[in-house]
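Residue numbers (the working numbering), protein chains in the order written: chain A, 1 to 322; chain B, 1 to 231.
The hints are simulated quantities; they were obtained by calculation from the structure and are not laboratory data. Incorrect hints may have been included.
Unchecked claim - In silico contact screen, one side only, chain B against chain A (beta carbon under 10 Å); selected entries:
(1) Val14
(2) Leu60
(3) Gln81
Heads up, the beta-carbon is just placed ideally off N, CA and C, and yes, glycines get one too.
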Amino acid sequence: MLRIEYAYWLIAAFLIYAGWRNLRDRHLWHAAFWLVLGVLFGGGDYVLAQQAAGNALPAQLAGAAVIVLALLAPRLGRLAHPESSSPAQRLASAVRLGHRLFVPALLIPLVTLLVALCGAYMVIDGHAVFAAPQMTLTGLALACVVALFAASRVAQVPMREGVAEGRRLLDAIGWAALLPLLLAALGQVFTQSGVGAAIAGLAGMLLPTGSALACLLAFALGMVLFTVIMGNAFAAFPVMMAGIGLPLLIRQYGADPAILGSMGMLCGYCGTLLTPMAADFNLVPAALLELRSPYGVIRAQVASALAILATTIVLMWLLVFR
Amino acid sequence: MNYWPLLGVAVIVVGFALRFNAVPVVVGAALVSGLLAGLPLPALLALLGQSFVSARMLLLFVLTLPAIGLLERAGLREHAQRWMARLQGMTLARLLIGYLLLRQLLAMLGLTGVAGPAQTVRPLLAPMAEAAAEKILPTLDDADRDELRAVAAATDNIGRFFGEDVFIALGAVLLIQGFYAQHGIVLTPLAIALWALPTAIAAFVIQSVRVWLVQRRLQRRAARVHAGEGS
């Protein structure tokens, strides 16, 4: 049975390979960074299992490893590996291979789609092929392996060359790859240390309760602001709902809960488009696309995000108090 | 109420504003908030480590890199650009708006992992967008290319975000339903998901206009270059 844990082990192997290659090239900071991260990925299941069994030591070591990564990250300068092929070679290869080049690239979304849609029905010998948790992501990992295999067939290049190219791209992305995980961990720490409750407490002191419109604006803009701080609308929703949405808008002013909940969440999504805290949507793509500014994607989203937010607030005002 | 953990938020704001490396800033913020909340250091370390390894799925995109790196070495981007240049009637706006529609519809079916910055934007959409822009203005500079790639990534994000809330079995709708259920308000997921449709349509229109404006600006610059050559 294919489980998401296999994908994590695959990532661990890739990270350790990247670390080892950097060690051979004497890029010692990069080597240390990827090796520590690789070990964290490989040992992740053990950490979670031990934590569940009541042994906190592996989790504490993992926490210490995260701090080591934070100390290593500023030492990773931009590492520009020389291009492994010239533009002329790539063009000649493009002309020779033509549309066949699209096949492996399209296999990534198509195999993922296939597993997402049909994975639940794939059974061999009475055993499910895919484990139910995170099935789409397991499918994505499988799709990446299939695509690498197909790419090496199409380009007539051994697969290890692909792994080497992957390591080149990974070094170009660098520490930005780590931010989504760190911000998810930060969200957990914020929740446990009562940051959300403290913000709700402060908001409660400042809050206008005099009119329905003022409450609605405070709710919508609070969703945006809180999402910008936490990087995630899901963290903002319960706080803003418990602080303003439920007691004031629904109970006092009779707002429709379905509309308020749905559109309030979407106000938060507009905040996600604006914040570097949502690193996986905003900073990682900027690194992947090799933009010169890490905030390039956010800048391209500001105008649309504000227009969508304004539209949603107007729609809410028109619809929730019908 | 203990307000001291809020200093963790201040660490983030100041760190990002001063453009420090984001990794130590985020870890520092977590340590500040946790310690000021009175968590003992061993418990804080365990919380940090456990939360980090629980979020491992967020690094899954690196598995796309070997296949994409190999294809790019074999000329994938060059081929995408040459193909775009040959396609009659495929403009920058049509490409990005078509992708936006597809991404939104897939997200509405719950298929958010099918496309994304690593899966589709870097290998396919971004080079095609650059090639479509080159058809309008052949002399793109680096800033133009950065902007086109950023707009492609933005289109991907907006399509995903404002499609996924319409799908009934995905995180957001279930979170909303769960919150209300805890507080004694019973709603079906469908009732919540349907009210994401107006914003989904608005987001599609707004981002389409945005893409069209990018295209029009390129066309105007091309017209000026052309007029300059003619005189």
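Hint numbers not upheld by this structure, sorted from lowest to highest
1
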